[in-house]
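Below are the chains, spelled out letter by letter.
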Amino acid sequence: MNLSASRISHNYGPLPVLADVSLTVASGEVVAVVGPSGCGKSTLLRILGGLERPDAGAVATEGEPPARSLNPITYVFQDFALLPWRTVAGNVALPLEEHSLPTAERDAIIRDALARTGLSDFAKAWPRQLSGGMKQRVGIARALAVRPAILLMDEPLSALDGQTRELLMDDLVALHAAGDLSTVYVTHNLDEAVRLADRILVLSRRPGRIRAEVRLETPRAERRPADPALAAQARELWDLIREDAAEADRELVA
Amino acid sequence: MSETAAPEAHPVPYRGDLFLPRTRRLAGALALVALIAFWQAASSLGWLDPVMAPSPREVFAALLAMAKSGELAGHLAASLGRLLGGFAIGATAGVGFGLAVGLFSLVRSPGIAVVSALFPIPKIALLPLFILWFGIGEGSKLATIAFGSFFPTVVATYGAVDAVDRSLVRMGRSFGLSSWSIVRKIVLPGALPGILSGLRIASSISIVLLVAAEMIGANRGVGAMVLAAGNLMQSDRLLGGVVVLSVLGLFIAGLLGWIERRLTAWR
Numbered sequence: 001m002n003l004s005a006s007r008i009s010h011n012y013g014p015l016p017v018l019a020d021v022s023l024t025v026a027s028g029e030v031v032a033v034v035g036p037s038g039c040g041k042s043t044l045l046r047i048l049g050g051l052e053r054p055d056a057g058a059v060a061t062e063g064e065p066p067a068r069s070l071n072p073i074t075y076v077f078q079d080f081a082l083l084p085w086r087t088v089a090g091n092v093a094l095p096l097e098e099h100s101l102p103t104a105e106r107d108a109i110i111r112d113a114l115a116r117t118g119l120s121d122f123a124k125a126w127p128r129q130l131s132g133g134m135k136q137r138v139g140i141a142r143a144l145a146v147r148p149a150i151l152l153m154d155e156p157l158s159a160l161d162g163q164t165r166e167l168l169m170d171d172l173v174a175l176h177a178a179g180d181l182s183t184v185y186v187t188h189n190l191d192e193a194v195r196l197a198d199r200i201l202v203l204s205r206r207p208g209r210i211r212a213e214v215r216l217e218t219p220r221a222e223r224r225p226a227d228p229a230l231a232a233q234a235r236e237l238w239d240l241i242r243e244d245a246a247e248a249d250r251e252l253v254a
Numbered sequence: 001m002s003e004t005a006a007p008e009a010h011p012v013p014y015r016g017d018l019f020l021p022r023t024r025r026l027a028g029a030l031a032l033v034a035l036i037a038f039w040q041a042a043s044s045l046g047w048l049d050p051v052m053a054p055s056p057r058e059v060f061a062a063l064l065a066m067a068k069s070g071e072l073a074g075h076l077a078a079s080l081g082r083l084l085g086g087f088a089i090g091a092t093a094g095v096g097f098g099l100a101v102g103l104f105s106l107v108r109s110p111g112i113a114v115v116s117a118l119f120p121i122p123k124i125a126l127l128p129l130f131i132l133w134f135g136i137g138e139g140s141k142l143a144t145i146a147f148g149s150f151f152p153t154v155v156a157t158y159g160a161v162d163a164v165d166r167s168l169v170r171m172g173r174s175f176g177l178s179s180w181s182i183v184r185k186i187v188l189p190g191a192l193p194g195i196l197s198g199l200r201i202a203s204s205i206s207i208v209l210l211v212a213a214e215m216i217g218a219n220r221g222v223g224a225m226v227l228a229a230g231n232l233m234q235s236d237r238l239l240g241g242v243v244v245l246s247v248l249g250l251f252i253a254g255l256l257g258w259i260e261r262r263l264t265a266w267r
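Those sequence lines, one after another, are chains A and B.
With the first letter of the first sequence counted as 1, position 167 gets the number 167 in the numbering used here; the numbers rise by one all the way through.
With the first letter of the second sequence counted as 1, position 147 gets the number 147 in the numbering used here; the numbers rise by one all the way through.
Note that these hints are calculated values from the structure, not bench results.
The reader is advised that the hints may include incorrect statements.
[Stated by the list, open to error] Covered stretches of chain B (chain A as the covering partner; in silico rule of three or more C-beta atoms under 8 Å from a C-beta of chain A): (1) 168-180; (2) 222-234.
[What the hints assert, rightly or not] Stretches of chain A that chain B covers, calculated by requiring three or more beta carbons in the stretch to come under 8 Å of a beta carbon on chain B: (3) 74-84; (4) 88-97.
Glycine included, C-beta positions come from ideal geometry on N, C-alpha and C.
With the sequences and hints as input, model every part of the structure.
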């Protein structure tokens, strides 16, 4: 399933946040969206999944979602968005409860999602007992449980410390190894973008427009954290957004 | 100077006291025991007039006599029925209306306007009106208590719904949960601690209104008993009734606390 946004513009009151942004995510492709803070990256992501209505432009999917997909367009949130009154397994079960699945099948889906994220031993734990990294693994497990065709990730690693981020990055690379999951990955961290993406869209500062598009040729599985080629790529991106970032830093927050 | 004197050591003083008092249940119980003991001592030493302020022993004896004769049970049953009935009606309606105010634009502003206008009325002032509408019997008392517990419950409920993290609601929407599922699985559990603290306030208001209503027009009930005892200068029975009300309040607060701990074990 493809996802394409055409000519998206959006304002918050008098403040324009997105101006004429178009993008297409092909089936199985990982697209990172980077840009200085406040450039409308997260707004764009919310618009892509229908959580916000753009002032102009439209978002559409092309092609049928996989037959067994329960929620074709699925989010992973920066703040995890776990229900604190449900256990790990309960949080993963939440979206499944909307569908009339046989109990055995539902349990199997939950077990599988927890196993894929290394959470099998924590099924009965409460979110407050988990570290940030484990909480985001629950967020990812919940997303996997509904078998998405398109994953929309909003700064999924930004609330985590550096070491945890590195560990989860490996998990995300593994998640995309099968190649059937399209992803839009919003981040301000350029290292994450060059590790994970097939294509990187660089947004300008507010109002966000697409300033540049960078295609990464090295296969994802062959990229290593300290790879000088990746570091060079990240530096190039930084040169692109450096001035914007400095300007954005001096803007008053709306 | 041939010797280099070691520089004088100044210990860094501790300045981390953050006013975090600890809970000591035993100390709490002891305070109550000490209060009663002091009262008894004051009576035994003749500092208190036995007619105006009977000793704890006399109050306890009066209570025991009323319990043996079955009089106490009768009054208590009448009071509990009114309290539970009125509170159940008021709290249920209050949670429902508070949810509507918290969730729907259509209800919000009109609802808040009406609640703000009616909340400050001392509900006991409406008892004569309720007697006209529902008669001198149980109806007017239930209505007063229900009305009195309704408003604090509404205010607490919509405040608690407003405070529910909208990023959780957004998550629910993004996973395709129905509105009803979002209310049931996200909004209500998230608002629960706030709703329960509203119910605590509502329950103590209910006890105040119960006693006032029973003093204005009832033959049975703890409030009526206290009033009758006062008219006959039976101050031991009067204070016995007051003790029953105190225990009743403590019991309800304890019950709500227990429910709260059960339902918010995840915290």
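**OP:** Sort out which numbered hints this structure fails and list those numbers smallest first.
**Re:** 2
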